[in-house]
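Based on the provided sequences and hints, a complete structural model is requested.
Chains as they are written, first to last, in my numbering: chain C, 1 to 439; chain D, 1 to 221.
Warning: the hint list may mix true and false statements.
Simulated pairs of lysine-lysine, DSS-like, Cα-Cα distance not exceeding 25 Å [as the list claims (entries may be wrong)]:
#: 1; chain 1: D; residue 1: Lys186; chain 2: C; residue 2: Lys113
#: 2; chain 1: D; residue 1: Lys14; chain 2: D; residue 2: Lys70
#: 3; chain 1: D; residue 1: Lys103; chain 2: C; residue 2: Lys117
#: 4; chain 1: C; residue 1: Lys113; chain 2: D; residue 2: Lys193
Between beta-carbon pairs, the in silico distance windows are [as the list claims (entries may be wrong)]:
#: 5; chain 1: D; residue 1: Glu32; chain 2: C; residue 2: Lys145; range: 50 to 58 Å
#: 6; chain 1: C; residue 1: Glu293; chain 2: D; residue 2: Lys215; range: 53 to 61 Å
#: 7; chain 1: C; residue 1: Glu197; chain 2: D; residue 2: Glu80; range: 34 to 42 Å
#: 8; chain 1: D; residue 1: Ala206; chain 2: C; residue 2: Asp311; range: 42 to 50 Å
#: 9; chain 1: D; residue 1: Glu84; chain 2: C; residue 2: Lys145; range: 22 to 30 Å
#: 10; chain 1: C; residue 1: Ser129; chain 2: D; residue 2: Ala164; range: 20 to 28 Å
#: 11; chain 1: C; residue 1: Glu197; chain 2: D; residue 2: Ser181; range: 15 to 23 Å
#: 12; chain 1: D; residue 1: Glu136; chain 2: C; residue 2: Glu190; range: 52 to 60 Å
#: 13; chain 1: C; residue 1: Gln125; chain 2: D; residue 2: Val34; range: 56 to 64 Å
Simulated from the structure, these hints should not be mistaken for laboratory data.
Glycine residues also receive a C-beta, built at the ideal position from the N, C-alpha and C atoms.
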Amino acid sequence: MREERKEQGQIPVGKVQRAAKFISTGAKVGGNYIKHYAKKIADPKLSREELDNDNATDIYDSLSQLKGSALKVAQMMSMDRNMLPRAYQERFSMAQYSAPPLSYPLVVKTFQKYFSKTPEVLFDQFTRSAVNAASIGQVHQAVLKDKKLAVKIQYPGVADSISSDLKLVRPFALRLLNISEKELSHYLAEVEERLIEETDYELEVKRSKEISAECAHIPNLAFPQYYEELSCERVITMDWLTGNHIKEWLLKKPSQKDRNRIGQALWDFYHHQVHELKQVHADPHPGNFIILEDGKLGIIDFGCVKVIPEDFYQGYFSLIKKELVANQEELDKIFYSLEFISDQDTEEEKRFFKSIFKEMISLIGKPFHEENFDFADNNYFDQIYELSDRVSNDKMFKKSRQARGSRHGLYVNRTYFGLYSLLNQLGAKVDTTKPDWLL
Amino acid sequence: MEKTAAKKTTKVDKRAKLIEQFKNHVLENGKEPVSVFKFTQSLKMKEVDFYAFFSSFTGIKRAIWQTFFKETISILNNQEVYNEYSGREKLLAFFYTWIEELKNNRSYLLTLYGTDKLPKSSLPKELGGFRQDFKEYVNEILQVGEETEEIASRPFISEKYDEALWLQVLFIFRFWIKDHSEGFEKTDEAIEKSVNLAFDLMGKSALDTFIDFAKFLHQSK
Chain C
1 MREERKEQGQ
11 IPVGKVQRAA
21 KFISTGAKVG
31 GNYIKHYAKK
41 IADPKLSREE
51 LDNDNATDIY
61 DSLSQLKGSA
71 LKVAQMMSMD
81 RNMLPRAYQE
91 RFSMAQYSAP
101 PLSYPLVVKT
111 FQKYFSKTPE
121 VLFDQFTRSA
131 VNAASIGQVH
141 QAVLKDKKLA
151 VKIQYPGVAD
161 SISSDLKLVR
171 PFALRLLNIS
181 EKELSHYLAE
191 VEERLIEETD
201 YELEVKRSKE
211 ISAECAHIPN
221 LAFPQYYEEL
231 SCERVITMDW
241 LTGNHIKEWL
251 LKKPSQKDRN
261 RIGQALWDFY
271 HHQVHELKQV
281 HADPHPGNFI
291 ILEDGKLGII
301 DFGCVKVIPE
311 DFYQGYFSLI
321 KKELVANQEE
331 LDKIFYSLEF
341 ISDQDTEEEK
351 RFFKSIFKEM
361 ISLIGKPFHE
371 ENFDFADNNY
381 FDQIYELSDR
391 VSNDKMFKKS
401 RQARGSRHGL
411 YVNRTYFGLY
421 SLLNQLGAKV
431 DTTKPDWLL
Chain D
1 MEKTAAKKTT
11 KVDKRAKLIE
21 QFKNHVLENG
31 KEPVSVFKFT
41 QSLKMKEVDF
51 YAFFSSFTGI
61 KRAIWQTFFK
71 ETISILNNQE
81 VYNEYSGREK
91 LLAFFYTWIE
101 ELKNNRSYLL
111 TLYGTDKLPK
121 SSLPKELGGF
131 RQDFKEYVNE
141 ILQVGEETEE
151 IASRPFISEK
161 YDEALWLQVL
171 FIFRFWIKDH
181 SEGFEKTDEA
191 IEKSVNLAFD
201 LMGKSALDTF
211 IDFAKFLHQS
221 K
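Here it is as structure tokens:
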């Protein structure tokens, strides 16, 4: 216990110290570049991967000491695998599991404030220390009337610190994502909006109930029940799902059939949300899924839900039509409507971006072009990485005076990349269903 | 809370009545009464009766601080889980409960100690009794902490721990007085982080190992 607490004491207090933390990382990253070029002079064969590795370690070390939105941004970056060099991905996905705990007296205080009762009075049993950490809160296990419950409690002050945290992350995101200042602002506005929504636990309970009711008919899925009377702005109480996280489950070497079944459930879940509900659980990171003992896929945490506007939906998904790639005129129209290109662009820019986006689309849309798709195919993912590497190192993108792509695309892309990479981890082959209007 | 207590005992406990009336006066007039004479007159009491309990208004204010403390401790002792806490958690629980107590009297405290009214370095005299009570309380925690090795005992410095924690009380009080966040959440954060820092500093750390090593080198020269 003492060891555990100690971690928390090391969290930098206040914005100044947090800024100091970031600055020291900045200096270190800079140092790594110098080290890299010094080494490179001595040994020209030195790969960029080694440098990325050094950087990832330093940035991770510094981010892991922060809670709240900075950690959330780290998560996001680890999700958008396409945007990150490989070396960063591993380190960042670790960040998803390591946030320091809230003291028990503060938990008691939170309960007294919202329920006027201590957790011991409210529940038959309640664990003193957190059993799980989420980026903006922690999870305790409780028992009430022989029912195991998960109780999620939000860290105080998270909502207030989002804006200032995001400002701190800016210089890093600029460097890591290799995009223009303008483009970053364009996206961060969207990120901020989602993060602020995520701190609203009452909204989360409402959405969880809605989406789980709407998806209840999909085979092989399981949703916890949510308890409104035991939830409030800062606390969410729901059923405890017993099972394994995807990584643990895979260690048990499940059969191909089982993996396909889970993969299909996952695909169907997203298909229904995107095409029927037009709002989607936009946080497909492995920690939000649990494989239950009866073999069903349990879905937890509806903190991040993206509502997909109708006009964006039409444009975005008509891109997956296979024959569209050949139809230049229609394609141009969609590119304009999704803000990939605009009238401000020169002819050369237009030609360049069109060809890049076309390549992206035919790659990303590939699973949709067939009846079923084998996500175990690493070749496919290497192609994606290769393309995004090429994009992120291209001068045309950095020079670009404007943000490209609708802001709504950020979370929808994130969702699909998350989904694809989960399916890749599962090594699943799934029937890639398409909405009727695209057939 | 104070009110119901006062109601029950108006006839018997003049002391409680005096405290209550003093608070009311501060709340309604935005300042202390002009003199003991004026104050007792408005209560239709003899001035002499006042001195039976307090020698001055400072004495009343002193008693008020001590009531907050006593109330906090009795709430804590009523929480079953409190006794199972480590030193760190006990102190955290103390501060959270204490701030809740203060919240019930925020207007009174703001009137007397609001922005700029609390001196930067020296203490208002009326905090003396509370300081004594708090130090006694915290010394008990520290002692247990040393026994369980939650806290490192260091020559000379250990004796100052209680004083350092008292400074923390003042820090948290000042922070809360100036806190404008919703539900005083910033104060919660300040408590969480400052108590953790204090206990990390008091706990065994690399510094102790370093001093030990330095001592060894010095002695074996």
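Evaluation of the provided hints:
Restraint check: the Cα-Cα separation between Lys186(D) and Lys113(C) comes to about 15 Å, which is no more than 25 Å; the hinted pair holds. This hinted pair checks out: Lys14(D) and Lys70(D) have alpha carbons roughly 19 Å apart, not beyond 25 Å. A threshold of 25 Å between alpha carbons decides the hint, and for Lys103(D) with Lys117(C) the separation of about 18 Å falls inside it, so the pair holds. Distance check on the hinted pair: Lys113(C) and Lys193(D) sit about 20 Å apart at the alpha-carbon level, within 25 Å; holds.
Distance hint for Glu32(D) and Lys145(C): a CB-CB separation of about 54 Å, consistent with the stated range 50 to 58 Å. Take Glu293(C) and Lys215(D): their Cβ atoms lie about 57 Å apart, and the range 53 to 61 Å holds. Restraint check, Glu197(C) to Glu80(D): a C-beta distance of roughly 38 Å satisfies the suggested window 34 to 42 Å. Separated by about 59 Å at the C-beta atoms, Ala206(D) and Asp311(C) break the suggested range of 42 to 50 Å.
Look at Glu84(D) against Lys145(C): about 24 Å separates their beta carbons, and that is inside 22 to 30 Å. The beta-carbon spacing between Ser129(C) and Ala164(D), approximately 27 Å, falls within the hinted interval of 20 to 28 Å. For Glu197(C) paired with Ser181(D), a C-beta distance near 20 Å keeps the hint of 15 to 23 Å intact. As the Cβ distance of Glu136(D) to Glu190(C) is approximately 55 Å, the hint placing it in 52 to 60 Å holds.
In this structure the supplied range 56 to 64 Å holds for Gln125(C) paired with Val34(D), their Cβ-Cβ distance being about 58 Å.
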